[in-house]
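Colleague: Residue strings, one per chain:
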Amino acid sequence: MSGALSAPIANYVALSGILFFLGVTGVLLRRNPLIMLMSIELMFNAANLLLVAFARLWTQNVGQIFAFLSITVAAAEAAIGLAIVVVVFRSARHVDVDETNLMKG
Amino acid sequence: MILFWILSILLIATAVWTITASKPVYSVVGLLAHFVALAVLYLSLSAEFLAVMQIIVYSGAILVLFVFVIALLSSGVAPFSVGPNRLPKALVPVMGIVIIAFGMLIYAVSRTSMPAPTGQTLGPVGSAGVFGSVADFGRALFTTQLLPFEVTAFILMVAVIGVVLLAGDAMESSGSAAQAKQVHREMREAILREGDR
Amino acid sequence: MVHHVMGVPGFYPWLLALWLLPLLGAIVCFAFGPQLRRVAGAFASAIVGASFLFAVICWGVGTQTVGGALGAHQVLFSWLPGFDFGLLLDPLSLVWALVITGVGCLIHIYSIGYLEGDRAFARFFAYMNFFIFAMLTLVLSDNFVGLLVGWALVGLASYFLIGYWFDRPSAVAAARKAFVINVVGDVGIMFAIILIYSRIGSLSFGDVFANVDKLGTATLLAVLVCLFLGAAAKSAQVPLHTWLPDAMEGPTPVSALIHAATMVTAGVYLIARCAPLWSASKDAQLLVGTIGGLTALLGAVLGMVQWDIKRILAYSTMSQIGYMIMGVGIGAYEGGVAHFLTQAFFKAQLFLGAGLIIHALSNEQDVRRMGGLAKKMPFAFWAMLTAVLAISGIPGFSGFFSKDLIIYGTLANGHPWLYAVGILTAGITAYYMFRLFFITFFGTYRGDVDPSSLGIRHPELAGVASAHADAEHLHMSGWVMNVPVAILMVPTVFSGWLLFGGTHSPWARFFVSQFAQIRLPAAPISEGLTSVLTFVLVLAGITVAYLRYATPSAQRNAVERLRRETVGMPPVLSNAFYFDAALDALFVRTSQWLGYLAARYVDPLVIDGGVREVVISTQWLGALARAFQSGLVRAYAVLLVAGAACFIAYYALAGGAR
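Protein chains in written order, with the working numbering: chain A, 1 to 105; chain B, 1001 to 1197; chain C, 2001 to 2658.
The shape of chain A in the complex, shown without the other chains (with noise of 0.2 Å):
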């Protein structure tokens, strides 16, 4: 493990930029929580990578750091999306995004 990057950085970035396109379309398309969340899970991981990626372009463990931090938010997100969850289904009996429309205006 020495010497420049095993493949050009635009690689990586297009990698992330796929990824993250493809969370995006998990949120817009699915209408369970679970999986929304989850998709939420590769948007973030496609953030992360792209950190690593430029940390190790510039050898600045900078990206790194905000990577960890990013891991972190991302666990946070995680579990008060979870909870939320439940609390919708302990409420509503369902966790049906289409349903759940107490906001209507």
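Worth flagging that the hints you see were computed from the coordinates, not collected in a lab. Hints may contain errors.
As the list claims (entries may be wrong) - Subject to a maximum C-alpha distance of 20 Å in a straight line, what follows is the list of computed SDA-like cross-link-like pairs (lysine to any residue): (1) B:Lys1089 / C:Arg2626; (2) B:Lys1089 / A:Asp96; (3) B:Lys1089 / C:Ala2637; (4) C:Lys2214 / C:Pro2276; (5) B:Lys1089 / A:Glu99; (6) B:Lys1181 / A:Asp96; (7) B:Lys1023 / A:His94; (8) C:Lys2375 / C:Tyr2445; (9) B:Lys1089 / C:Val2633; (10) B:Lys1023 / A:Arg93; (11) B:Lys1089 / C:Ala2642; (12) B:Lys1089 / C:Ala2627; (13) B:Lys1089 / C:Ser2630; (14) B:Lys1023 / A:Asp96; (15) B:Lys1089 / C:Leu2640; (16) C:Lys2282 / C:Asp2213; (17) B:Lys1023 / A:Glu99; (18) B:Lys1089 / C:Leu2624; (19) B:Lys1181 / A:Arg90; (20) B:Lys1089 / C:Leu2639; (21) B:Lys1089 / C:Pro2276; (22) B:Lys1089 / C:Tyr2636; (23) B:Lys1023 / B:Ile1012; (24) C:Lys2214 / C:Tyr2197.
Based on these hints, arrange chains B and C on the given structure of chain A.
Modeller: This is chains B and C only, laid out in the frame that chain A set:
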């Protein structure tokens, strides 16, 4: 280079599997494979600590949480889609715009000239004092990057409090909860009456 | 700018007390009316009496001269640069303050008897005290804004008091008319103030008078015309006089105090106060003198043909004020102010005497239904006789001196036409006052005669009381009403002697510092000859009145004579030269038309329409926003991502272009 391509294909495939799986449990399995592949990619980018964190936090903690929730919700009837798809048709072109935008992003990235690598030589994985090593990362975390580390702790604390408040039992506030329900019902009726005018 | 202080600055507690005491009285009478009941009259009279006493005490400081400053100047507070509010007491305002409080006190006492048994006894005295305070504010202010405040407050007090019997529609209409016309004048003064402030940057009298030359000829004329608009409205000058006869709807003491003795002379005060301004503009002097002369003549002519005793006196007031305005307008300030003083006495006495008659005859005001009252009411007879002699200008009585001073002043200042008008009006005045006197007191009592045989077609419209008094059981007044009239008789007869002696008279010496810079030049005709000319015409007027109404045969045929005169009255005279109709057509109709336009188009389309448009567009925006608030998490997500995609697209395109 070959490793990158293999991992790329694996990552995309597992991501597609995750978002298209018919049952959440399948998605979890896809996501697990995705995380593992990503951890390997991190290792290839000299991020040893993050690779390990990826396995421990994501695969070990978050996915287990998902599985618990799936088990909790699926104990009775499957509650994931009880009504029709209510997404307005008007949003379909919006999604088209989103796809085009991302396509442009990927296109633009592939055309962008990235800054050249510094060419700094790196030591072998695992040795201390080298970029990417656990020791190097840990030293940075406790010296120069202490603030992000503390922020991390704070975020986790907030998350814990939030989850307890949301999903924990409303024990001592049960009396006022009934009261709040009464107030809520009255407000609701008042709003409906206003609407009738 | 030359800063100039009028009056010696200092602290004058008596002056403050003189000014504020009536306000206190008004507040107490208003707040504790039900508790005070009958005492309110005595209390209010005592307040004004005390105020008069303080005015006398202030005589010394009011006439002092220290280093070129005349009178007393009490600084109260500073509001804006160029506007310090304070009180100024100099000989001019001292004369007014003494008359306001002195005559005011007598009329307050008289009112106790006149309004005996009225429902809102205390309210009346609250208004009267408030009027005294407002009038004192007007004459004691040391700047134009304070003057305007007093000016508007006396208008308000006048409104309250004309409409005192607010259950009479005619009283309410008269009050409204008086108020509206007076506000026209207020606006005129406000414009004058704006003009003065824009050019001089100060509003205190001293600063303005010291910087007259800064105004420029045209602006000065504009300022003076604006000021005269105010004076004309308040002092019932042509063509803004129509409110004064209507204002007689108020109680008679009110007519005596406000609409004869004090408030209506505020215009005279304003012109005399601004003498340095007026002396600087010949054009303005000519305008004011002409209007004053016209008003004097017109008032006298209309006074000849009235039947309501109070309306006769109202037109006579208008005519006398015309004299004063003519006097101060052409520069005969001492004469104008002197006529104010004597008129305040004899006109108050005339009104109070008329009040005695009206009171005795149970609110009968039509002179055709009086007659033969000399034997029944000897006190009223003598009171009216002295006042009539005074107003007619019989030598020795007060009106003679002051009126001649004005008439002589017109000629001395080079206005022969006004001189002729003055002398002619003096003759007419003598005629109509003696006409009133003869009809009322001579012959036989006609209260029990059928109104139609006197030519009165619509008794209820002609101010004829429905229940006429029994000639044998008149409602005679007590000492409360008689004593003030008796006291007033003294100055009515003798106050003119203050003017005797030309430049060495007490009056001239009193004002020697006030109007020092304005000395009348000698006239081509001597003062003595003027007096003789006037007196001849006055005698002629009295003779005509005697021949028409008081010869034995005329007394016998009084009913038939009055009927013929009533029926044969030319419409142009019975309609007072159509001034009301003209003002109505010019201003009231126009305003009504504008109001109609506003109500028909502006209000529904612009005002309401604007509000409606706001409502409609708000609803539309709300509906638009509501469409986005679908409650669908995924719809929100789509919009969020679309927004992000727009940013991404922008940077991708911008990056690609680079």
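Colleague: Can you give the numbers of the hints that this structure goes against, from lowest to highest?
Modeller: Violated hints: 6 and 21; rest satisfied.
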